[in-house]
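S.K.: Here are the chains, one letter per residue:
There are 2 protein chains.
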Amino acid sequence: MNIEEKLIKLAKLIRYFILVSTTEAGSGHPTSSLSATDLMTCLLFGGIFRFDVQKPEHPNNDRLVFSKGHASPLFYAQWAAAGVLTEEELMSLRKFGSRLEGHLTKEFNLVEASTGSLGQGLSIGAGIALNAKYIDSLPYRTYVLLGDSEMAEGSQWEAIQIAAYYKLDNLVGIIDVNRLGQRGETMYGHDLAAYERRISSFGWETIVIDGHSITEILSAYDKALKTNGRPAMIIAGTTKGKGVSFLEDKNGWHGKTVTKDELPKALAEIGEVDKSIRGEIPKPEDLMPDKKPSGTIKEISYAHDKPVATRKAYGNALKRIFPAFPDMVVLDAEVSNSTYSEIFRDAYPDRFFEMYVAEQNMAGIALGLSSRGKIPFVSTFAAFLTRAHDQIRMSQYSDANIKFCGSHAGVSIGEDGASQMGLEDIAMFRALLESVVLYPSDAVSTEKLIEEMAKHKGIYYIRTTRKETPIIYSSDEKFHIGGSNVLTESKEDVFTVVSAGITLHEALQAYEILKKENIFIRVIDLYSIKPIDRVTLKCAAEDTKAIISVEDHFAEGGIGEAVRNSLAEIAIPVYSLAVRKMPRSGKPQELLENEEISAKAIVAKVKSLVGKM
Amino acid sequence: MNIEEKLIKLAKLIRYFILVSTTEAGSGHPTSSLSATDLMTCLLFGGIFRFDVQKPEHPNNDRLVFSKGHASPLFYAQWAAAGVLTEEELMSLRKFGSRLEGHLTKEFNLVEASTGSLGQGLSIGAGIALNAKYIDSLPYRTYVLLGDSEMAEGSQWEAIQIAAYYKLDNLVGIIDVNRLGQRGETMYGHDLAAYERRISSFGWETIVIDGHSITEILSAYDKALKTNGRPAMIIAGTTKGKGVSFLEDKNGWHGKTVTKDELPKALAEIGEVDKSIRGEIPKPEDLMPDKKPSGTIKEISYAHDKPVATRKAYGNALKRIFPAFPDMVVLDAEVSNSTYSEIFRDAYPDRFFEMYVAEQNMAGIALGLSSRGKIPFVSTFAAFLTRAHDQIRMSQYSDANIKFCGSHAGVSIGEDGASQMGLEDIAMFRALLESVVLYPSDAVSTEKLIEEMAKHKGIYYIRTTRKETPIIYSSDEKFHIGGSNVLTESKEDVFTVVSAGITLHEALQAYEILKKENIFIRVIDLYSIKPIDRVTLKCAAEDTKAIISVEDHFAEGGIGEAVRNSLAEIAIPVYSLAVRKMPRSGKPQELLENEEISAKAIVAKVKSLVGKM
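Protein sequence lines correspond, in order, to chains W and F.
Following our numbering, the residues of the first sequence are numbered contiguously, the last one being 639.
Following our numbering, the residues of the second sequence are numbered contiguously, the last one being 639.
Same shape as in the complex, but just chain W:
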């Protein structure tokens, strides 16, 4: 049996697996899987893909990302054809508890990153390829299977730009142009030239083929692998539902399965299936990345009387801790002189990658890097991280290790005005499973918490401030995830003021003002908003009459709600000072006053409550 005959048999087997598993599940995307079957059969079993099935974590394995995550039946079917999954397990598709979920997730360990929200896979693949070329210096290839509908997503074009810019000639995209989207034709139908024209104009090698011709497919991969200096895109004309005539190229079959009654008819069309055949995948060269040794971290050193912006401390920290965390990679979206990631860039230019004004792609690249064991630190303005919300959302389903930094938090950035102000970022990052949300108030705590971020795995978010703020901690103070600091405490404390970041300093000023009038407040630095220090808050709730939270953030989903929620079962009033008026241009202090989150506002609130309680 020659290679082509074997591939034909394997493709039949895979089509068989797709049909039986989705019919059994009663839901899923068989037609979207059938259109890409020949493309993937050839990739995996045509001598192209290099993967050690016994060692899925081998650093020099090729990597495959299904950007069209709904083609999961194909992904599982092809690994069954490789002998990794059994037909029996395929029948557990979409069942509760199965590792074979409806859209690809990392429950199945051969999935590089969970997908299913379209248009994200090319960025993830670009991140994996970036790692190979510039960090691990390994020759492995990254392949990304793309749908045609999802080429409407702008994020794909961000990835296309970045991949060309970084000359990722170890990245191969394959577009399954099957013409039909979820509810009808895509914008371009089967106009393959429209894809070729556009993608080649961005500097990619483009190879247009019949996506069901084994010869053309193998030739395309061969050409892609010989391309130097630029990434390659195979643009394959395919038929949705290929292999079953009553499914082929028919609208209305997206996400629809063949019923149990119809199944025999469908399988008859596939023809005789050799269920014993399995495909072989050659192993990669046994190469390892150079392992950078861990070094020691220098001590922090901030003069106690010289205010420093926490955004600057972010940059300082990245540079300071890198020797101890040689897997760090730093990304920024063309604002490195504002986020201060430039401090790291200037010290370690090989580990800094400019992502330009394309935050979605930046987040996807970070996920790709995370999947290869790197620790990406990703920064832009807090407000602009909302641009990448869907990518961040999806990362939580990918066991990701990504550290986000949002600078220019709050109205206190001043004259630039609302568009640049992060006012919903705490809410966004809190509403992720197991995320960590940190908001340090001075340079010392910022640096310490960034060390903590690097030490622990998961999706972490740190919020930084534009303007300089006083140093309030000594260099030997300890900070931990889930901790807080009680900065002022006495037996006469009437109320507790909980804050973080820029408004913590307002709270400390309020403390001094009130002290002069013999009113004492407990001020808590809630530098860890999630997880939250419930114990300390509970103590304060027992010791004082009310809690006042103060934040340079909208009222919903931020510090106030986090505090209130952590004491959900405790009978103490919680008052929330937050941004409730339309934010606008002005001097920072004017804006804090206007939003009533300033020292003056805290004093007024305390006094009004003293009157009542």
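These are computed hints drawn from the structure, not numbers from a lab.
There's no promise every hint is true.
Since the list gives no way to pick out one identical chain from another, each pair is judged satisfied if it fits inside one copy or across any two copies.
[To be verified] Below, a list of computed lysine-lysine pairs in the DSS-like style, where the Cα atoms sit at most 30 Å apart: (1) Lys-564 <-> Lys-631; (2) Lys-282 <-> Lys-613; (3) Lys-564 <-> Lys-638; (4) Lys-338 <-> Lys-607; (5) Lys-571 <-> Lys-638; (6) Lys-481 <-> Lys-607; (7) Lys-607 <-> Lys-121; (8) Lys-35 <-> Lys-249; (9) Lys-493 <-> Lys-276; (10) Lys-483 <-> Lys-318; (11) Lys-286 <-> Lys-338; (12) Lys-132 <-> Lys-481.
Fit chain F to the supplied structure of chain W, relying on the hints for placement.
M.R.: Just chain F now, with coordinates in the frame of chain W:
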């Protein structure tokens, strides 16, 4: 004085205004404004733009959007050169209370939409152009000034695709290719051919020019206006800081102003400025759109014993209410057969616009339509609305009137798994100033609330459910923004269970189960999560011992926190049942059980509390 001489003088005046206003403000983006000055001077005063300055709301005015919102000094300067603003007012740039904010906002009424988060303006412009061509049937043109850095944003390429697809030949983009981004060169520098190649490959007319040659600029606009059947992009090579030699083409001057000391030197280079000169803008043809008369709305009619999915009721409602709201436009992102916006599409195809898989652009188009007085209803899966978070965030600063619908809320969508599940959408929409967040539980309340959404102005969000749910309301029940319904009530109520949507039905089942054991709970349908019915919740807090909130949503920022926060000062425990485990594939009921937000879980929680309280 011929036209060219006048334009040269006006350009000088505008450059003068840009420099003096930003130097006075001490912050701002003069160099980004200077590079586009000639382009805008020619547009506004070269006989191209048609605008009735006395009637800025005239429906047939041309429209101008600054996608590069940081070039606000230019925008204000050009309107000063038109006689709309005085030099004195220009000196109020960025000051607290001034309508001339740091990035363009609708505080200044000639701004079509607030910008400043890059890459959003082309979508907004496309929405305005779509309105002209397909809805108002008016010949006005829409111009969008774009920066080169922001062409890295994928959202621009979404807009480019859609504008070509809809043949928006009344849309003209102008890219100010000044080479320098915020912290160095863009990916393409001054390679104008790279912009031309890419944009023309998407089907746009492209016109490459020297962005400082009056002749070439005027000729480009002329050519753009003569283009039929496709949108036009003027790709202008410019110099950042043009007009002042020590600023021209120099890195490090982004967002930096000329100091008061340096100002005379800069002004000397501009040369003699005729401060009395003002530019004229011809008026548009006095054409009005056909005003569709308002019709009457048919009554709702749902059989009480036939469950209907609220997502279907969304589609039914759009179709039913359109006669009374002839300004409605419906947009969907290739999932209209899932969101059921297809019901509207089939009834009123002229008012439905397929946006394909590009949610960011869809949100921007909606903002453009809103700016032209239309009422856009925008739908996709709740999870995918996170893709447009930054656009939605920016819309809140634009006095927008947009109705968002997120379907497939929660884990209860079942086998498709986590990527398709909206679990953070309530948090996202709550954290917007003055947003309204609705989550009806049955078809009747869905239809009634959609009527309310259409009646009132603002950013509204409605969350819909995938599966069919029972009808629990009669057609004459009333629902209002900020309301709730107490569904079960008695003097023996021990606890209150607050819920909405899919889990409200679980709560009602729990009520029946507990009733059999003589335990009574008050069940409240919190169909309006924001604004929240504090009065009813407060009553329940007084009458019962604890509140249990139940939601098919993550624990942060959703119903639980909204409820807890509304009773912030009241001493009652609030327990929150929400999604806290990794979501996954499975049958809907299995997943509700797994997340402990099912009837069974509610019963268990109530019983555990009965034991303790």
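S.K.: Against each hint, give a clear statement of whether it holds in the structure.
M.R.: Outcome of the hint check:
For a Cα distance limit of 30 Å, the shortest separation of Lys-564 from Lys-631 qualifies both inside one copy, at 21 Å, and across copies, at 23 Å. In this assembly of identical chains, the alpha carbons of Lys-282 and Lys-613 lie at most 30 Å apart only when taken from different copies (17 Å versus 57 Å within one copy). Taking identical chains as interchangeable, the C-alpha atoms of Lys-564 and Lys-638 lie at most 30 Å apart whether they share a chain (22 Å) or sit on different chains (20 Å). Within a single copy, Lys-338 and Lys-607 get their C-alpha atoms as close as 29 Å, which meets the 30 Å cut-off; across copies the closest is 36 Å, which misses it.
When the C-alpha separation of Lys-571 and Lys-638 is checked against a cutoff of 30 Å, the pair qualifies both within a copy, at 11 Å, and between copies, at 25 Å. Proximity of Lys-481 to Lys-607 under the C-alpha cut-off of 30 Å is restricted to the inter-copy arrangement: shortest distance 24 Å between copies versus 39 Å within a copy. Taking identical chains as interchangeable, the C-alpha atoms of Lys-607 and Lys-121 lie at most 30 Å apart only when they sit on different chains, with a minimum of 17 Å there against 48 Å within one chain. In the homo-oligomer, the alpha carbons of Lys-35 and Lys-249 lie at most 30 Å apart inside one protomer (24 Å), although the nearest pairing across protomers, at 57 Å, exceeds that limit.
Taking the closest pair of Cα atoms, Lys-493 and Lys-276 come within 30 Å of each other only across two copies (26 Å); inside a single copy the shortest separation is 59 Å, beyond that limit. Taking identical chains as interchangeable, the C-alpha atoms of Lys-483 and Lys-318 lie at most 30 Å apart only when both belong to the same chain, with a minimum of 19 Å there against 58 Å between chains. Proximity of Lys-286 and Lys-338 under a CA criterion of 30 Å is satisfied inter-copy only: 27 Å between copies versus 62 Å inside one chain copy. In this homomeric assembly, Lys-132 and Lys-481 come within 30 Å of each other (Cα to Cα) only inside a single copy, at 22 Å, whereas the closest approach across copies is 45 Å.
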